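Chain by chain, the residues:
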Amino acid sequence: MTAPILSLNNLHKAYGALKVTDGVSLDVGAGELHAIIGPNGAGKTTLISEITGEVALDAGTVTFDGADVTALPVHARALKGLTRSFQITQVLPGFTVLENVATAAQAHDGSSFRFFRSAGADRRLNDTAMAALAEVGLAARAALPAASLSHGEKRQLEIAMALVSQPKLLLLDEPMAGMGREETERMVAVLMALKGRYPMVLVEHDMHAVFRLADRISVLVYGQVIASGSPEAVRADPAVREAYLGEEEFG
Amino acid sequence: MAETPASPPSLPPTPPLWRRLWLPVLVFALLALVPFVWGERFILGLVTRAMIMAIAALSLDLILGYGALVSFGHAAFLGLGAYAVAILFSHDIVDAAIAFPVAILVGAGFAFVTGAISLKTRGVYFIMITLAFGQMAFFTATSLSAYGGDDGLRMFHRSEVFGTRILANDTTFYFVVLGTLAGCFVLLKMIVGSRFGRVLRGAKENERRMRALGFDPFRYRLAAYVIAGAICALAGALFANLGMFVAPAYMTWQRSGEFIAMVVLGGMGTLIGPIIGAIGVTLVEEWLAALTQHWKVIFGPMVVLVAIFARGGIVKLLERVAGK
Ligand SMILES: Nc1ncnc2c1ncn2[C@@H]1O[C@H](COP(=O)(O)OP(=O)(O)OP(=O)(O)O)[C@@H](O)[C@H]1O
Ligand SMILES: [Mg+2]
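So the sequence lines, in the order shown, correspond to chains A and B. Just so you know, the working numbering puts 193 at position 193 of the first sequence, and the rest follows in order with no gaps. Just so you know, the working numbering puts 129 at position 129 of the second sequence, and the rest follows in order with no gaps.
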């Protein structure tokens, strides 16, 4: 097997007495779609934030693309290709949809200490952005302010921003959360198309989506990985069934 | 996928040029006409002062309107620029070709040092710490006994320009200030629309998102702070020349507050708004002060009324009137 794109080694994080990450170690292989599931409050979002650097670890190391990034701040990790979407969407509300994506592209297009030429008229950035918007199905919304998008459209916008960020790993925190049936289907289709192109860590509660998409699944409960393996193995795991007792998705 | 376009998708249309230009063109045309319509020294001096305040307000708008950084010490830069010119003058360095660049560098340097510290904080702490730096500059000026202390410092004539005294003519000086204002306006328009300006605006929209995209907002904010400090110091250099006099009173916290009022009343984050705000505030103050010595009692409620009824400032109001 080739070297993993992401390696988490014995991560620990506590908020007071609450051990939100309790000895997590896992690898994400190159090209793999690795889903992380677990009940509410299990520490999934916190784990993603530890990978991006937003949450500082008490102990443990994060190795990304062959380098130890544990000491790097959020923006430096992002520039290396650690790209995330947020559980609660984070867009630039006053910018147009197009400018949101163009801004993401700009981060990977040389220095932003350029003071005179108009960024809005920059063909290269705009073309890159439009292509990504078309890919997620938002091209028709390009000129609108991002604040005017529906919830589902903001999720699509976040994916478009991720696509132009030259990602080496996509970290997607519940991209289907709060979406209707139809929007969920569209998002699954988008992720299906991205699968194989980028390695991904997918946090998701929608089990149908997870089992359709994932190559590997890790189950996080109270900050610990209680199971990790192929979808079939995880589905059959008695400890997982226990943690999800009563939840029909596993029936 | 929802769409698979055969040709590359086309970009959304941009609004017509006149939409963005009519107000600046109108403002600058009116300002250019003033010396021909009202030649009186008093009027000329008053409008010149208003335009210098407009340069200062313009520079504040870069950090306040586009960066959401409420600096409560902006008058310090005005004072620093003014003192730089006057102090050099007292040492017989009277040419603008030296004094103005020095003033700009002093403003930029002070902004770099104080900005590097204050930009580590946010919100109300940022307001407090910029206020503290502003007061520091103020009290330093009052203690400069070699340069007049509390009483300030006089210049015997305006700065020379490569050995000539062309600035001595009030009309010439008026147009130099107008040209500087126009130059700063165009420069800042370019900056806020550039890649740099986009990062600055983005960090105001959603700092967390910008970090996740790979931008470190601090560096961009510091650079904006330095640009703003430099431009405001340039306003100070002109201000020293206007009355040929500088005093610590140039950098009181009340003046910093006035700059904020000019930006907010005119329309934050519009650049043309703060120019209108600065000119409006300066003229209205003068007019009220001539009517009654209790003019602040009238001026205060006026500010409140504009703030309530013209959300987004005078610019928004004008656009609504002129628009549909
Ligand atoms: N900054 C913080 N300070 C204190 N407690 C926190 C903090 N952030 C998260 N927590 C707690 O840590 C636990 C894990 O939170 P986290 O958001 O990572 O869970 P999650 O698995 O993403 O849940 P969900 O499925 O609801 O999104 C929760 O109990 C939460 O209240
Ligand atoms: Mg979560």
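Rather than coming from a laboratory, the hints here were simulated on the basis of the structure. Be aware that a few hints might be false.
Distance condition first, Cα-Cα at most 20 Å in a straight line; then the derived DMTMM-like pairs of lysine to aspartate or glutamate [unchecked claim]:
id : chain 1 : residue 1 : chain 2 : residue 2
1  : B       : 189       : A       : 182
2  : A       : 195       : A       : 65
3  : B       : 120       : B       : 40
4  : B       : 204       : A       : 54
5  : A       : 19        : A       : 58
6  : B       : 189       : B       : 170
7  : B       : 189       : B       : 319
8  : A       : 80        : A       : 122
9  : B       : 120       : B       : 216
10 : A       : 80        : B       : 319
11 : A       : 168       : A       : 27
12 : B       : 204       : B       : 319
13 : B       : 120       : A       : 27
14 : A       : 80        : B       : 205
15 : A       : 195       : A       : 27
Remember, it's a predicted structure, so these values are computed and weren't measured experimentally.
We went through each hint and held it up to the structure:
1. B:189 <-> A:182: violated (43 Å)
2. A:195 <-> A:65: Holds - the C-alpha atoms of residue 65 of chain A and residue 195 of chain A are around 18 Å apart, at most 20 Å.
3. B:120 <-> B:40: violated (48 Å)
4. B:204 <-> A:54: holds (18 Å)
5. A:19 <-> A:58: holds (11 Å)
6. B:189 <-> B:170: violated (28 Å)
7. B:189 <-> B:319: holds (18 Å)
8. A:80 <-> A:122: Violated - the C-alpha atoms of residue 122 of chain A and residue 80 of chain A are around 24 Å apart, more than 20 Å.
9. B:120 <-> B:216: holds (12 Å)
10. A:80 <-> B:319: This hinted pair is violated, its Cα atoms lying about 44 Å apart.
11. A:168 <-> A:27: Satisfied, since the Cα-Cα distance of roughly 14 Å is no more than 20 Å.
12. B:204 <-> B:319: violated (24 Å)
13. B:120 <-> A:27: Not satisfied, since the Cα-Cα distance of roughly 36 Å exceeds 20 Å.
14. A:80 <-> B:205: Since the Cα atoms of residue 80 of chain A and residue 205 of chain B sit roughly 23 Å apart, the hinted pair is violated (cutoff 20 Å).
15. A:195 <-> A:27: holds (17 Å)
In this structure, the earlier hints numbered 1, 3, 6, 8, 10, 12, 13 and 14 are contradicted, and the remaining ones agree with it.
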